[in-house]
Structures are given as structure tokens and as C-alpha cells.
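Dock chains L and W against the given chain B, drawing on the hints supplied.
Chains as they are written, first to last, in the working numbering: chain B, 3 to 454; chain L, 313 to 717; chain W, 96 to 267.
There could be a bad hint or two in this list.
[Stated by the list, open to error] Simulated pairs of lysine to any residue, SDA-like, Cα-Cα distance not exceeding 20 Å:
| hint | chain 1 | residue 1 | chain 2 | residue 2 |
| --- | --- | --- | --- | --- |
| 1 | B | Lys444 | W | Lys181 |
| 2 | L | Lys442 | B | Ala317 |
| 3 | B | Lys447 | B | Asp17 |
| 4 | B | Lys294 | L | Ala507 |
| 5 | B | Lys100 | L | Pro492 |
| 6 | W | Lys252 | W | Glu241 |
| 7 | B | Lys100 | B | Leu11 |
| 8 | L | Lys442 | L | Ala453 |
| 9 | B | Lys192 | B | Arg20 |
| 10 | L | Lys574 | B | Leu217 |
| 11 | B | Lys193 | W | Tyr224 |
| 12 | B | Lys448 | L | Pro492 |
| 13 | L | Lys574 | B | Asp17 |
| 14 | B | Lys448 | L | Asp477 |
| 15 | L | Lys442 | B | Gly318 |
| 16 | W | Lys181 | L | Phe604 |
| 17 | L | Lys574 | L | Ser636 |
| 18 | B | Lys444 | L | Ile488 |
| 19 | B | Lys100 | B | Ser14 |
| 20 | B | Lys193 | W | Arg226 |
| 21 | B | Lys448 | B | Asn360 |
| 22 | B | Lys294 | L | Ile498 |
| 23 | W | Lys181 | L | Gln608 |
| 24 | B | Lys294 | L | Gln608 |
| 25 | W | Lys181 | L | Pro600 |
| 26 | L | Lys574 | L | Leu393 |
| 27 | W | Lys252 | W | Ala104 |
| 28 | B | Lys192 | W | Asp107 |
| 29 | B | Lys100 | B | Arg443 |
| 30 | B | Lys192 | W | Lys181 |
| 31 | L | Lys442 | B | Pro320 |
| 32 | L | Lys574 | B | Tyr216 |
| 33 | B | Lys276 | B | Ile93 |
| 34 | B | Lys192 | W | Pro216 |
| 35 | B | Lys193 | B | Lys425 |
| 36 | B | Lys425 | B | Phe39 |
Keep in mind that the hints were calculated from the coordinates and are not lab data.
For clarity, every value in this text was computed on a predicted model and none was experimentally measured.
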Amino acid sequence: MAAAPKVQLDPSFSDIDRSVLGVMSTPGLAYWTWIAFCFTLVGIAGAMWARQIYSGLGVTGLRQPVMWAIYITNFVFWVGIAHSGTLISAILFLFRTKWRTAVYRAAETMTIFAVATAGLFPLIHLGRVWFFYWLLPYPNERYLQPDFRSPLVWDAFAVSTYLTTSALFWTMGLIPDIANAREAAVGWRKKIFTVLAMGWQGTDRQWRHYSMVYLLMAGLATPLVLSVHSVVSWDFAMAINPGWHSTIFAPYFVAGAIFSGVAMVMTLLIPMRKLLGIEDLLTPWHFDNLAKVVLLTSLVVSYAYITEAFMTWYAGDPIEQMTFHMRYFGPWGWMYWVMVLCNCVIPLLLFSPRIRVNMVMLWVITIFVNIGMWFERFVIIAGSLTANFEPSQWASYRPSITEIMITVGSFAWFIGLFSLFVKFLPIVSMTELKEGIVWLRKALKKGYSTAA
Amino acid sequence: MSTTLSAVRRDSSSTPRPVESVAGTTMQLVAGAMIALGAIAFVIALLRDDAATAWEAYLVNLLFFLGVAQGAVVASASFYLTQAKWGGSTPYRLGEAFAPFLWVGFFLFFGLYFGRAAIFPWVKHPIAQKAAWLNIPFLFARDGIGLGVMALASRAFIRISRRNDARAWTVATDDIELPPHSIRVIAPLLGVLYAVVYTLIAFDLVMSLAPVWRSTLFGWFFFAGAFWSALATMALTAVLLRKRLGANNLFTNPVVMHDFGKLVFAFSVFWVYLLFAQYIVIWYGDLPVETFFIVQRVHHMPWSPLSVACVVLIWAIPFCVLMSVRAKQTPSVLGSVAALGLVGMWLERYVLVVPSLSLDAIPFGPTQFLITIGFLGAFLISAVPGLNRVAQAATSGEPAGDLVE
Amino acid sequence: MSTIAIISAFADDTDCAHAIHALRDAQIRDLNTFAPIPSHRIEHALGRSRSPTRWFSLTGGISGVLTGLAVTIGTTYEWRLNAGGKPLVSWPPFIIICFELMVLLGGIFGFTAFFLFSGLPATVAASGYDRRFGEDRFGLVVRCDEADAARIESILKESNAEAVVREEDTPR
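Okay, chain B solo, but in the shape it has when bound:
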């Protein structure tokens, strides 16, 4: 893959354009091999799903009482990953954060693909997928009605709203950039970009309405971020299961989502900036700030773990205490402590300013965070179900090859889609980076440039 031309220490608008558009050069063999690899895994996962549809959910490891396990874990995990994008693009926009501009497009793209991935899992979990439309409130004669008092229905509304709103926000942001790409492109790319840019020319009329709607959508997306993962957490908190019924779930899950999401942004962007040669647009200054968000949310998650542990003891409910005892010291206790290590202990390294600008360390730490957060969801969801109220119903759970390959396939689907986007559409928002060029220049001057 040809690297994009490097920017100078004092980049101009044209430097940014050339650097970002340079990424979209014709991909080479290595790229297509990678895409083929990703989509092969997706194909295998698809085949596994087809077999599951044919044979039924028995091909999974789901057995009473653990009827929610890996698929729901993946659902929550991917919705969580999605939140970072909206945090960075919408919430940090409202805060007028200066370092947001270079990473916002990549994060927002991740959001779209993560929500799309997440949205597959309720369908995968359905077994009889073809009945998915029963969730919609259409008139029927079988007394079928989506029960709006059920958190699963709230979930359907929240996640669809999130997917739609994020997609609209993402599209709006893309239009000026695609117009830019249109000017520099030739051939079939130029035709496609011309259509996609919809005739955008940056007139004052267009910018005026763009700025207003962008601000409004950022203002709408902000409470949406809070609400979506709160609603997802309420899938569990509404139940009276010990380990699930806890008032702290909503903000705790939101913090956890931002935690895993921003970590995933870094996991993807750190190798990406190297491979694509845009290290001087995504500088260590940006990653320093992203790392601080990861650190803050790690502390919030640790606070939640400690509060839950304390409250379990304080409340004195013997069943709840048993559930948590199993969580910490039962057969799956090792998962809990791996989770604590990955989520609470390792991110403490990010208190060090030198580690926060060390790309290799950051990459390793964020991978651990993602592992930890995946385990956290699994521990909460499947773990609480294995040892519930009735000891005669206690049972364990082992994922089957179907579930494992579909999980692997979901990662491949996400990374594959992201990789496709990188080569065909601008992965850094040229417009916003130009708007904030003053800050980029300062970051580069302060020595944040050069290979790091």
C-alpha cells in the first residue's frame, strides 16, 4: 500500500487534502488479501448462521437456565463500541474540544458499522428469524402486540434510532468531504463521488444550514448516547435476577460503552495511521487525549464494581450474596479477575504521560481493555444466569462452534467493513481538520510529530 504524502510541520489546507485523499489511492495486493481474509471469516459465520436457522438454536450451547449468553454478550459489546463514535463526534463537538477533528470521522464510521453488527445479533438470537416482524406494531388477529412495557421493545426503538441518527449525522459530515474528493478524483470514482456529493459546493447558503443542522443533530445525539446504552442495560436491570437488578446499571453501562468504544477506536487507529501514513494528522496529542477518556471511564467502571460489591454485602440478601460469591469465586471466577485486571488495573498505566503518547503501549493496553469489557458483559449476562434463585436449576454453559465462529465473524465483519471504508471514502474529516488547523499546527510544533 502506497503511503500518503507526509504533511509539513506547518500544514496548509492543501497538505491536509493531499494527505487524506492520498490514502484513497488504488489498493494493492496486501489490501485485497486482508479484505478477502475478513470476508472469508464472515462467510464462514454466515454459513454457521444458515445452519442454525435450518437446525434451530439447539446447535448453540444455550440451555436452561442460561438462555442469554454469547450472542447477547456480542450485542451489548458492539452497541457499546458504537458509543465512542457519537461521543467523539457529537458530545465533544458541543464541548468545543480541539483534538476531536482528526479522529471524529473514523470514530463515527466505527459507530455505524458497530451498530450494524450489533443489530444482527438480536436477529441471530431469534432462531426463527423470519418472524422478526412480530416486533413491529401492525394490526393482527393473534393478540400479538409489542409490549411497550418490555425493555426489549425499548431496545428495538433505541438501537434503530441510534443507527438512523448516527447514519444521518455521518452522512452530513461526509458530504463536504466527498465534494472535495470529487474534485481530485478521476474516472469512475469521480462519477460516484459526484453523485454522492449531491452538488455540494460550499456556498454560504449551504454552510449556513449545514452548521445549524449539524449543531442540532449533535445536540440530539448527545442524550441519545446516554439513552441507548441505558436502555440496553435495562434489558438486564429490569429483571429481578440477582446480579442484574441494580440501579447503577444505566450510567455504569454508558461509561463502560465509552470505555470499550474509545479503546476500540485506538486499537484500530494506531495501526491504521502507520499503515496509511497519516501519522502527522493523527498525532500523539490526539491519542494522549483519547487515552485520558479511557482512563476516566476505567475509573468509573471500577467505581461501579466496588459499589456493587459493597451493596451486595450491605443489603444482606442471601441469594444476591450467593450470586456474587459465585461471580468472584465460582467456576467462572477466573473470568471476573481477568476482567478486573484488564478494566481496572491495566488502564491505571494511563496515568503516566509517557505511556499515553507511546503508541505500542497504548495499542496493547486498549486490546486488553476490549478483552476485559467483552468478559465483563459475559460475566454479567451468562454468569448471573448460571446460578440463579433455584439451585436445582443451576447449570453451566459452553459456547458451541456455531457461536464462536459467529462471534469471530462479527469481528471480521466489523473490521472488514471499516477497512473497505478506509480505502474508498475519506477516513479523516478534511473539512473539520481544516477548521481546526490552528490546533493541529500547534500539536505538530510541540514535537508531537515524527514517528512515534
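Relative to chain B, chains L and W alone:
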């Protein structure tokens, strides 16, 4: 005027113009009188065997005013952590203005010891299973140490924040430089300590008054509400000082009012979100051990209208009124909304604490009113030096950031 | 006199805004700009009214809340199913649905309004557009009588315009 860090450091050796004291003798005398009235009312109530309701008022006011004072210091720390330069150094001074009350609160907290039988139901009726946690020595030790550590950490933070290098950083709007190193150490520490200590305070001084009840979110809910009350107090102070200071003080800048308005708006939404998150989990699960707390306060008279009033004052009014940009920038509107909100937050503390102790009637009469006045007087008098510093900062002609984009 | 269009390019949006102020002071109002980034200075200089798209968004938000109430309360009354003893019209869950629909419709209406008001998709290119204006130059197009052209050009040059070109005015 160059606003890079190096340029401001060169200028920072000049001291700000002295300004007439905004919190002068009149205010101090009035505050002193308020304290006296409160103390007298409290003592009379104790002598008259009205102890329980007097101690309730004491506790409610302690929680409210400590929350404002501590929340404000944490707000200043958060401004450093989010690199807020929209108002120069003035928002930082505003946050730090109420800090001396932390020491007052610390000592008043130990005063609760004398009312322990009236406040903590588990003193007269100990609960065996929770006795390791809910016992007087351990409670006063952990909360006392917590409040002491907070007061010390806040003092250390404020000392560092008042230094010239920190002040220079707050007005260097053209720079991406991080705050001075000592700030970068103490500010996050203060934030973490705040979350931990005020969670403990919430669990021990509010939740334990109904010892059977529990809510994992309660600590966070409490300190988020305290933080909001601090922001509202800072906004109200900004509005009040605006008239008293000379022309062209920082508070006449509509951008500064707008930013205060945004903070009040946003965190009131956050508060109602945390409230709803608890409500819906408890409502849906319908477990009697959890629901009684809410039923007492929301579904039964005489508390029901007060609970509704809290939500209206803290969330509904700020949400509807402060939605528009112009409203946020209008000082009279912002000030009124903030003042009403503070009444609402005081009421919220009242509704959280008192029904656990006196369920059937609302014990609020002249005694409780005067005790509240007393606490307010103590709060005002501790804010005197801080407010004068705010006045200095607001009239020093510092450039505020983000004025032209 | 025929109307012409004078197209100028600026490297800096401050200069462009300065030129706009000067032109408006000289009573020349038929101005349009092209810009690679949104610029508050230029927007402020042009002094146009605030975008009405926000009313669309508000309408969408309110419709969302009303739709949410209609759907939830309506279906609950159609199928009166007892769900865990909760009241038929339980406001806590219904509020969530109303909130999500508020955001959804507020976003969709706002997004649609953006396209409507911006004139997108635009099939006809605005006259005077040059690819530099998408990259790094701010363009200012002044439509005027040929008689005023010299005066306008001098104002533009005073504000550091880089290239000033006269063109026949093509219908927009």
C-alpha cells in the same frame, strides 16, 4: 494582545487592579446575624425537646451546603481537566470561592454525634447483619476522615490553582499546553476523592436512615446533584456580581453567561437521568424492600407534592426555560432559574432525608427555617474572601476564550 | 448595462469577511461565497438570518413525542394485556419510547430540512465555482452592474483578494 502561554507568563507578574470589596462589612454583619439566629433557634429547639426535627434540619442543611461548597471546588478541578478557557481565570475563582465552608462543614459534621439517636434509626435499634458497617464509631471515623481529607485536598488544590502559572494557563487561549504539572496531579485526585467520599456520605447519612433500603446508584446520584447545585450557585453568583462590579466586568460578556447556562442545563438533565434510572429499575422490579422508599416520597401525602416540586424546580424549569440561547444569555432569566433550582435541590435533600425520620407530617416550622438561615449565613461568611477574589478576577480585563470563532 | 459577476479568491477567511463588510458598507448586497470550511466570520459578515431548519427539527421532535404517546397508549388500549401487573398506561416505559422517537424524528426532520433549504441535491452548479474553493480558498462572487465593477474590484484588492476575475453573469 498575544495570548500564547509564553506571552501571558511575561505579563503575569503585574498584579490585577484592586477593586472595591464586593463582600464587605454589610454582608458580613448580616451573615453573622443569620448565624446567631440559627444557633439560637437550634439550641432552643434542643431545650424544648424538639430535638428530632432540629437535628433533621441540621442534617439537611449540612448535606446541602457541604455539597455546594465541595461541588464548586470539584467544578474548578473539572475545568482544568477539560481545559476550559471560556472565562479566563474567573470560573476557577468562582468554584474556589466557597471552599472555607468545607472546614465549617467538617466540624459541624462531628456535631451530628450529639444528635445520633435522633438521626440514625439503627442507633436505637441496631441491625445485627449491618452492625459491622452501621455503628457510630466506624461511621464517624470513615466519614470524618473522608471529609477531612476532602477539605485538605481542596485546600491544596486551591493553593496550587491560585499560583501565577496556573492563572497564566487559564488565560492562554491560543495554546494547547496542558495545565501545570501540580494541577495535573491534584485535580484528578480531587475528582476521584469526591466521588468516593460523597458516595460514602450519601450511603451513610442518607441511605442508612432507611437501613433496609439500597440503591447502587444512590451515591452517584447524590454527588451529581451536589455538583449541579454548585454549578447553579456559581451561575447565580455570576449573575448577582454582574451588577455589583464595574462596567465591562467579565460577567457582562454574553458568552460567559451562555456557558454557565449550558452547564446548568446539561447537568440538570444528567440529574433527572440518574433519578429516572433509579425510579424505573425500582418501579419495574416492584420489590417491596426497594419500593417503599419511593412510595413514601412520591405516592403518599404529604410528601408527594414536594417530590414533584423537586423535579419541576431542578429539571423541568431549567430544561424548558434554558433551552434557547437567548435565555441562557439573559442574566435575570439565568439567575432566577438557578435560584429556583437551588431551592429545589435543598428541597430534594429534605425529601431524601426527612421522610425516613418523620413520615407522617412535614416538620418545617420557624425552627427549621431559622436553622436553614443559620447555615446560609455560615456559608455566606465563609465565601467572603473567595468572592472578593472572584471580583478581582472578573474585573482584571483578562481575555476570555472562544469569543470569536 | 449588463450584470456581471466578479469572482475573487481569498486565502484567509478574515480577509474575505473584511471584504464583505466593506462591500455591504458600500451598499453592495448581492454577494455569495464559496468556502472549504464553515466560517463564523463570513457568516457573521453576510448577516443573513438564522437558519430556519431548527424549526423543522423542533417540529420533528414534538411529532416524535406525540407519535410515541399515540403508539404506546393506542396499542395498549387495543390489546389490553396484563404485563406483570403494571398499569395499562405506565408512563416510565412510555417516556422512553417517546424520547427515542423524539430524537429520531427530530433528526430526520432536521436532516431533510437541511437538504431542502440548501437546495441539495443540486443539479446545476452555482456560477463562479472553482475547485480551489473546495480545497483552500474562500471565494466571493459579487453580482453587479458593469459600472460599479471598478469600485468593487478596488475594495476587493484592498482586502487582499488574490484573483479578481470578471465574468458574464450566468443565471444561477
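Do the hints match the structure? See the list:
no., hint, result
1, B:Lys444 with W:Lys181, "58 Å, violated"
2, L:Lys442 with B:Ala317, "8 Å, holds"
3, B:Lys447 with B:Asp17, "16 Å, holds"
4, B:Lys294 with L:Ala507, "18 Å, holds"
5, B:Lys100 with L:Pro492, "19 Å, holds"
6, W:Lys252 with W:Glu241, "17 Å, holds"
7, B:Lys100 with B:Leu11, "18 Å, holds"
8, L:Lys442 with L:Ala453, "16 Å, holds"
9, B:Lys192 with B:Arg20, "16 Å, holds"
10, L:Lys574 with B:Leu217, "14 Å, holds"
11, B:Lys193 with W:Tyr224, "18 Å, holds"
12, B:Lys448 with L:Pro492, "16 Å, holds"
13, L:Lys574 with B:Asp17, "36 Å, violated"
14, B:Lys448 with L:Asp477, "19 Å, holds"
15, L:Lys442 with B:Gly318, "8 Å, holds"
16, W:Lys181 with L:Phe604, "17 Å, holds"
17, L:Lys574 with L:Ser636, "10 Å, holds"
18, B:Lys444 with L:Ile488, "7 Å, holds"
19, B:Lys100 with B:Ser14, "17 Å, holds"
20, B:Lys193 with W:Arg226, "16 Å, holds"
21, B:Lys448 with B:Asn360, "16 Å, holds"
22, B:Lys294 with L:Ile498, "15 Å, holds"
23, W:Lys181 with L:Gln608, "19 Å, holds"
24, B:Lys294 with L:Gln608, "42 Å, violated"
25, W:Lys181 with L:Pro600, "15 Å, holds"
26, L:Lys574 with L:Leu393, "18 Å, holds"
27, W:Lys252 with W:Ala104, "10 Å, holds"
28, B:Lys192 with W:Asp107, "28 Å, violated"
29, B:Lys100 with B:Arg443, "12 Å, holds"
30, B:Lys192 with W:Lys181, "58 Å, violated"
31, L:Lys442 with B:Pro320, "13 Å, holds"
32, L:Lys574 with B:Tyr216, "18 Å, holds"
33, B:Lys276 with B:Ile93, "27 Å, violated"
34, B:Lys192 with W:Pro216, "16 Å, holds"
35, B:Lys193 with B:Lys425, "17 Å, holds"
36, B:Lys425 with B:Phe39, "16 Å, holds"
In this structure, the hints that do not hold are numbers 1, 13, 24, 28, 30 and 33, in rising order.
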